[in-house]
Amino acid sequence: MIKRISALLLMAGILLLSGCSAAKTTEPATAEETAEKVLQCLYRSTQEDGARLDAAMQEGEDSLKEYIRTKVGDCVTEEAVACIMENRLISRVINAWPDTEVQVETVELTPAYTETEQKCYFQYQVEAGPEGETGNTFTGEVLLSLIDEEWKVDSLS
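Just so you know, we're using the working numbering here: the sequence shown kicks off at 1 and counts up by one.
Don't read these hints as lab results, they were simulated from the structure.
Calculated lysine-lysine pairs in the BS3-like style (CA-CA distance at most 30 Å, straight line):
| id | residue 1 | residue 2 |
| --- | --- | --- |
| 1 | 119 | 65 |
| 2 | 65 | 152 |
| 3 | 71 | 37 |
| 4 | 71 | 119 |
| 5 | 65 | 37 |
| 6 | 152 | 37 |
| 7 | 37 | 119 |
| 8 | 152 | 71 |
| 9 | 119 | 152 |
Cβ pair distances, simulated, as ranges:
| id | residue 1 | residue 2 | range |
| --- | --- | --- | --- |
| 10 | 54 | 119 | 31 to 37 Å |
| 11 | 111 | 55 | 36 to 42 Å |
| 12 | 108 | 131 | 18 to 24 Å |
| 13 | 110 | 73 | 19 to 25 Å |
| 14 | 40 | 112 | 16 to 22 Å |
| 15 | 134 | 60 | 32 to 38 Å |
Quick reminder that beta carbons are idealized off the backbone N, C-alpha and C, glycines included.
Based on the sequences and whatever the hints tell you, model everything.
Structure, rendered in C-alpha coordinates:
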(Lines of atoms letter the chains of each structure in order from A and count residues from 1; the text may use other names and numbers.)
(Lines give C-alpha, C1' and ligand atoms only; values in the text may rest on other atoms or scores of the structure.)
Protein backbone atom coordinates (compact mmCIF):
# COMPACT_ATOMS: atom_id res chain seq x y z
CA MET A 1 0.00 0.00 0.00
CA ILE A 2 2.78 2.44 0.93
CA LYS A 3 4.66 1.55 -2.26
CA ARG A 4 1.54 2.21 -4.30
CA ILE A 5 0.99 5.67 -2.69
CA SER A 6 4.67 6.51 -3.17
CA ALA A 7 4.49 5.47 -6.83
CA LEU A 8 1.35 7.58 -7.36
CA LEU A 9 2.96 10.62 -5.72
CA LEU A 10 6.08 10.14 -7.85
CA MET A 11 4.00 9.92 -11.03
CA ALA A 12 1.97 13.01 -10.02
CA GLY A 13 5.19 14.91 -9.42
CA ILE A 14 6.61 13.91 -12.79
CA LEU A 15 3.40 14.95 -14.55
CA LEU A 16 3.38 18.27 -12.73
CA LEU A 17 7.00 18.99 -13.60
CA SER A 18 6.58 17.97 -17.23
CA GLY A 19 3.52 20.22 -17.51
CA CYS A 20 5.47 23.18 -16.16
CA SER A 21 8.35 22.65 -18.53
CA ALA A 22 5.97 22.39 -21.46
CA ALA A 23 4.41 25.77 -20.68
CA LYS A 24 5.08 28.35 -23.35
CA THR A 25 7.33 31.23 -22.45
CA THR A 26 6.53 34.51 -24.09
CA GLU A 27 9.27 36.47 -25.76
CA PRO A 28 9.83 39.98 -24.46
CA ALA A 29 8.39 42.70 -26.67
CA THR A 30 10.72 44.37 -29.15
CA ALA A 31 11.46 48.09 -28.91
CA GLU A 32 9.16 48.72 -31.87
CA GLU A 33 6.30 46.71 -30.33
CA THR A 34 6.68 48.55 -27.03
CA ALA A 35 6.71 51.97 -28.72
CA GLU A 36 3.61 51.09 -30.74
CA LYS A 37 1.76 49.83 -27.67
CA VAL A 38 2.47 53.01 -25.69
CA LEU A 39 1.53 55.27 -28.61
CA GLN A 40 -1.71 53.33 -29.14
CA CYS A 41 -2.61 53.84 -25.47
CA LEU A 42 -1.57 57.49 -25.46
CA TYR A 43 -3.53 58.54 -28.56
CA ARG A 44 -6.67 56.49 -27.92
CA SER A 45 -9.35 57.90 -25.64
CA THR A 46 -12.79 57.10 -24.32
CA GLN A 47 -15.67 59.46 -23.63
CA GLU A 48 -14.73 59.42 -19.94
CA ASP A 49 -11.03 60.25 -20.37
CA GLY A 50 -11.57 64.02 -20.39
CA ALA A 51 -13.31 63.97 -17.02
CA ARG A 52 -10.69 61.58 -15.59
CA LEU A 53 -7.86 63.82 -16.79
CA ASP A 54 -9.54 66.94 -15.35
CA ALA A 55 -10.03 65.21 -11.99
CA ALA A 56 -6.40 64.02 -11.93
CA MET A 57 -5.13 67.51 -12.77
CA GLN A 58 -7.21 69.05 -9.98
CA GLU A 59 -5.94 66.49 -7.46
CA GLY A 60 -2.31 67.29 -8.20
CA GLU A 61 0.86 65.93 -9.76
CA ASP A 62 0.81 62.51 -8.09
CA SER A 63 -2.74 61.89 -9.26
CA LEU A 64 -1.84 63.00 -12.79
CA LYS A 65 1.16 60.64 -12.83
CA GLU A 66 -1.09 57.79 -11.69
CA TYR A 67 -3.62 58.61 -14.44
CA ILE A 68 -0.84 58.53 -17.05
CA ARG A 69 0.56 55.24 -15.71
CA THR A 70 -2.92 53.72 -15.78
CA LYS A 71 -3.43 54.88 -19.36
CA VAL A 72 -0.07 53.80 -20.84
CA GLY A 73 0.79 50.83 -18.64
CA ASP A 74 4.10 49.75 -17.18
CA CYS A 75 6.07 50.10 -20.42
CA VAL A 76 7.28 53.59 -19.49
CA THR A 77 9.88 54.99 -17.12
CA GLU A 78 9.39 57.85 -14.68
CA GLU A 79 11.26 60.05 -17.18
CA ALA A 80 8.70 59.18 -19.86
CA VAL A 81 5.82 60.04 -17.52
CA ALA A 82 7.49 63.42 -16.90
CA CYS A 83 7.87 63.96 -20.69
CA ILE A 84 4.22 63.10 -21.25
CA MET A 85 3.25 65.68 -18.62
CA GLU A 86 5.67 68.39 -19.80
CA ASN A 87 4.73 68.01 -23.46
CA ARG A 88 1.02 67.67 -22.65
CA LEU A 89 0.85 64.57 -24.82
CA ILE A 90 -1.94 63.04 -22.77
CA SER A 91 -4.30 65.89 -23.66
CA ARG A 92 -3.66 66.11 -27.43
CA VAL A 93 -6.52 63.80 -28.37
CA ILE A 94 -8.81 64.85 -25.52
CA ASN A 95 -8.50 68.53 -26.53
CA ALA A 96 -9.07 67.73 -30.21
CA TRP A 97 -12.21 65.66 -29.50
CA PRO A 98 -13.59 66.29 -25.99
CA ASP A 99 -15.94 63.63 -24.61
CA THR A 100 -15.53 61.53 -27.73
CA GLU A 101 -14.21 58.02 -28.25
CA VAL A 102 -11.06 58.24 -30.36
CA GLN A 103 -9.38 55.28 -32.07
CA VAL A 104 -5.85 55.02 -33.41
CA GLU A 105 -5.96 54.23 -37.10
CA THR A 106 -2.24 53.81 -37.77
CA VAL A 107 1.11 54.06 -36.01
CA GLU A 108 4.19 54.47 -38.17
CA LEU A 109 7.66 54.25 -36.65
CA THR A 110 10.81 55.30 -38.48
CA PRO A 111 14.24 54.68 -36.96
CA ALA A 112 15.60 58.16 -36.19
CA TYR A 113 19.14 57.63 -34.92
CA THR A 114 21.70 54.90 -34.69
CA GLU A 115 20.32 52.05 -32.66
CA THR A 116 22.42 50.52 -29.89
CA GLU A 117 21.88 47.37 -27.86
CA GLN A 118 20.47 49.49 -25.03
CA LYS A 119 18.70 52.38 -26.84
CA CYS A 120 16.30 52.77 -29.78
CA TYR A 121 15.06 56.03 -31.25
CA PHE A 122 12.05 56.40 -33.52
CA GLN A 123 10.19 59.22 -35.15
CA TYR A 124 6.49 58.45 -35.02
CA GLN A 125 3.38 59.39 -36.90
CA VAL A 126 0.01 58.49 -35.41
CA GLU A 127 -3.28 58.85 -37.25
CA ALA A 128 -6.18 59.02 -34.81
CA GLY A 129 -9.76 60.23 -34.75
CA PRO A 130 -13.35 59.39 -33.97
CA GLU A 131 -14.86 56.64 -36.05
CA GLY A 132 -16.37 57.98 -39.25
CA GLU A 133 -14.61 61.36 -39.01
CA THR A 134 -11.42 62.70 -40.50
CA GLY A 135 -8.64 62.13 -38.00
CA ASN A 136 -5.55 64.11 -37.11
CA THR A 137 -1.90 63.29 -37.57
CA PHE A 138 0.28 63.45 -34.48
CA THR A 139 4.06 63.32 -34.79
CA GLY A 140 7.02 63.19 -32.47
CA GLU A 141 9.97 61.17 -31.29
CA VAL A 142 10.20 58.28 -28.88
CA LEU A 143 13.29 56.93 -27.12
CA LEU A 144 13.32 53.45 -25.65
CA SER A 145 15.83 51.94 -23.24
CA LEU A 146 16.47 48.29 -22.48
CA ILE A 147 15.93 48.00 -18.72
CA ASP A 148 16.14 44.62 -17.01
CA GLU A 149 15.82 42.90 -20.40
CA GLU A 150 12.58 44.76 -21.25
CA TRP A 151 12.15 47.72 -23.57
CA LYS A 152 10.69 50.77 -21.84
CA VAL A 153 9.76 54.12 -23.30
CA ASP A 154 12.18 56.57 -21.71
CA SER A 155 11.26 59.81 -23.51
CA LEU A 156 8.47 61.12 -25.73
CA SER A 157 7.97 64.38 -27.55
